Amino acid sequence: MADPALDRPAGIEGSELAGPFAVGEYAARLRQRLRSFARVQVFGELGNLNRGRARVYFELRDERGALPCSMWRDDWEKLGLAPGAIENGAQVVVGGGTDYYVGSSTASPSFTFHVTALRIAGEGDLLAQIEARRRKLAAEGLLEPQKRLHRPVPPRAIGVVTGEGGKARDDVLAGLRRQGWAGRLVWGFAPVQDRRAAPSVARALRELAAVGDVDVIVVARGGGSPVDLMAFSDELLCRTVAHLPVPVVCSIGHHTDRTLLDDVAAESCSTPTHAAQVAVGIDCTRARAGLARAAHRLDAGARRAVLTRARHLAALSRAPAEHIARHRSRLHQIARELRAIGRRRGSEETTRMRRRLLVLERNVARAAGADQAARRRDLESLSLALAAHDPERTLQRGYALVEDEQGGVLTSAAEARAAGRAALRFHDGRVRAKIEE
Amino acid sequence: MSEAPPELTYETANARLEEIIRRLDSGEAGLRETLDLVREGRTLVEFCAGELEAVGQGLEELRLDELVARLEAGAAGGGAPT
Numbered sequence: 001m002a003d004p005a006l007d008r009p010a011g012i013e014g015s016e017l018a019g020p021f022a023v024g025e026y027a028a029r030l031r032q033r034l035r036s037f038a039r040v041q042v043f044g045e046l047g048n049l050n051r052g053r054a055r056v057y058f059e060l061r062d063e064r065g066a067l068p069c070s071m072w073r074d075d076w077e078k079l080g081l082a083p084g085a086i087e088n089g090a091q092v093v094v095g096g097g098t099d100y101y102v103g104s105s106t107a108s109p110s111f112t113f114h115v116t117a118l119r120i121a122g123e124g125d126l127l128a129q130i131e132a133r134r135r136k137l138a139a140e141g142l143l144e145p146q147k148r149l150h151r152p153v154p155p156r157a158i159g160v161v162t163g164e165g166g167k168a169r170d171d172v173l174a175g176l177r178r179q180g181w182a183g184r185l186v187w188g189f190a191p192v193q194d195r196r197a198a199p200s201v202a203r204a205l206r207e208l209a210a211v212g213d214v215d216v217i218v219v220a221r222g223g224g225s226p227v228d229l230m231a232f233s234d235e236l237l238c239r240t241v242a243h244l245p246v247p248v249v250c251s252i253g254h255h256t257d258r259t260l261l262d263d264v265a266a267e268s269c270s271t272p273t274h275a276a277q278v279a280v281g282i283d284c285t286r287a288r289a290g291l292a293r294a295a296h297r298l299d300a301g302a303r304r305a306v307l308t309r310a311r312h313l314a315a316l317s318r319a320p321a322e323h324i325a326r327h328r329s330r331l332h333q334i335a336r337e338l339r340a341i342g343r344r345r346g347s348e349e350t351t352r353m354r355r356r357l358l359v360l361e362r363n364v365a366r367a368a369g370a371d372q373a374a375r376r377r378d379l380e381s382l383s384l385a386l387a388a389h390d391p392e393r394t395l396q397r398g399y400a401l402v403e404d405e406q407g408g409v410l411t412s413a414a415e416a417r418a419a420g421r422a423a424l425r426f427h428d429g430r431v432r433a434k435i436e437e
Numbered sequence: 001m002s003e004a005p006p007e008l009t010y011e012t013a014n015a016r017l018e019e020i021i022r023r024l025d026s027g028e029a030g031l032r033e034t035l036d037l038v039r040e041g042r043t044l045v046e047f048c049a050g051e052l053e054a055v056g057q058g059l060e061e062l063r064l065d066e067l068v069a070r071l072e073a074g075a076a077g078g079g080a081p082t
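Chains as they are written, first to last, in our numbering: chain A, 1 to 437; chain B, 1 to 82.
Don't read these hints as lab results, they were simulated from the structure. There are no misleading hints in this set.
Cβ pair distances, simulated, as ranges:
| id | chain 1 | residue 1 | chain 2 | residue 2 | range |
| --- | --- | --- | --- | --- | --- |
| 1 | B | Ser26 | A | Ala289 | 21 to 31 Å |
| 2 | B | Glu61 | A | Ala289 | 23 to 33 Å |
| 3 | B | Glu40 | A | Ala314 | 22 to 32 Å |
| 4 | A | Ile324 | B | Arg32 | 25 to 35 Å |
| 5 | A | His254 | B | Leu71 | 32 to 42 Å |
Which bits of chain A does chain B cover? Going by a derived footprint, with three or more residues having C-beta under 8 Å, they are:
| id | region |
| --- | --- |
| 6 | 172-181 |
| 7 | 288-298 |
Here the structure is a predicted model, which means the values were calculated and not measured. C-beta atoms are modelled at their ideal positions from N, C-alpha and C, and glycine is treated no differently.
Between the sequences and the hints, there should be enough to build the whole structure, so can you do that?
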């Protein structure tokens with residue numbers, strides 16, 4: 001193994017500084033020194049949380065500075081935090097001390113505040129401040145005015161507020177190209193990187209609305225930490241936007257970030273490209289093609305209507321003669337059929353009636369011949385029976401019939417006494433009689 | 001008192017145009033209505049084409065600071081005695 005002391009190069013000529021020391025040696029001494037610093041408690045807003053397999057990394061920030069922190073994963077788990085209980089933006093108090101990872105020829109060194117204890121401090125963090133402002137602006141009705149503004153589609157002129165050298169600028173141009181929009185574009189460049197950005201952005205917005213003659217304004221900025229994006233939750237900036245007479249479409253940070261400007265603006269988008277597309281409102285290339293199709297369909301509609309009408313009129317003009325001829329032919333046919341039916345029916349009926357007559361005559365003759373002798377015999381028998389019961393013949397034999405004065409037959413002595421008077425009918429006449437008893 | 005007719009915009013014109021084409025395609029419109037609709041539709045097509053033409057001539061990029069400077073120079077020049 002090589003002795004570092006033998007490889008040590010000569011120092012910088014004329015320098016009064018100690019050394020040169022081998023870097024590994026110095027790094028080890030630095031770590032030793034940092035570890036000797038007093039262990040303390042530090043509070044701030046937690047950000048850039050990254051849960052690694054062995055260690056959990058995050059940053060603590062406030063308005064004046066930041067500190068990179070790390071914690072053993074085991075210690076983190078022992079905190080027993082519920083899922084979602086601690087996220088970026090939480091205000092926390094950590095306990096621990098400074099440390100230094102010396103790295104190696106292949107691993108990067110890093111400074112860290114080694115955390116051994118942590119407590120969530122509750123509200124009062126930056127996000128809570130933003131939320132408080134949001135409630136305040138909402139209570140004043142300032143989240144609505146931008147949403148009520150009319151946005152011309154497609155806009156003739158678009159204003160853009162963004163960083164001059166940022167990627168957002170290219171993204172906005174890409175979004176405009178994607179929509180086939182090539183109108184008047186006014187760039188309102190402003191710093192968008194730190195908290196001082198807010199007044200510059202507000203001024204750019206005011207000037208664009210006043211002198212830019214733009215129909216809509218896009219405010220675009222790429223991703224960043226909550227602290228970086230704090231400028232877009234600035235109360236004065238948000239009030240400026242709320243009162244702006246021109247609609248603002250914004251895209252601030254990544255889609256998970258939510259600034260106060262997102263709530264105040266007319267429209268909030270996830271990327272600068274999308275914000276540009278929303279500002280244009282339509283795909284102009286497709287709209288041009290659609291318009292050409294519409295014009296063609298109008299022409300076709302007009303042509304079709306005229307042709308349909310012309311065909312209908314032509315059909316009507318031919319109709320009378322054709323109809324009469326068609327009906328005349330049909331009528332002749334019907335008349336022929338009727339005559340034929342009449343003739344056929346007449347002859348058929350005569351034949352049928354004759355047949356019926358013959359049948360009836362035969363029936364009458366047959367019935368008359370068979371019954372005549374029997375009926376004569378019955379008649380003679382009835383005549384004999386009647387003669388046997390004829391009262392005249394009884395009277396001829398010497399009997400008389402006693403009748404009352406009205407001709408009713410008296411058949412008992414009692415009836416005769418009651419009647420008082422009677423008549424006696426003989427075969428040759430009637431005589432009056434008086435009942436004396 | 002009569003209300004002023006609503007200002008024609010690309011969106012309202014386009015919506016009306018779609019309505020007209022739907023009516024024409026339905027085949028329910030008579031000849032006179034069809035011809036009226038076609039006439040109105042052609043006017044709307046011209047309007048929309050004009051709106052699209054205005055944003056299809058090529059991107060014109062301006063800088064706000066230059067616009068402001070120009071205005072300020074104009075105001076200063078206009079205000080100076082000749």
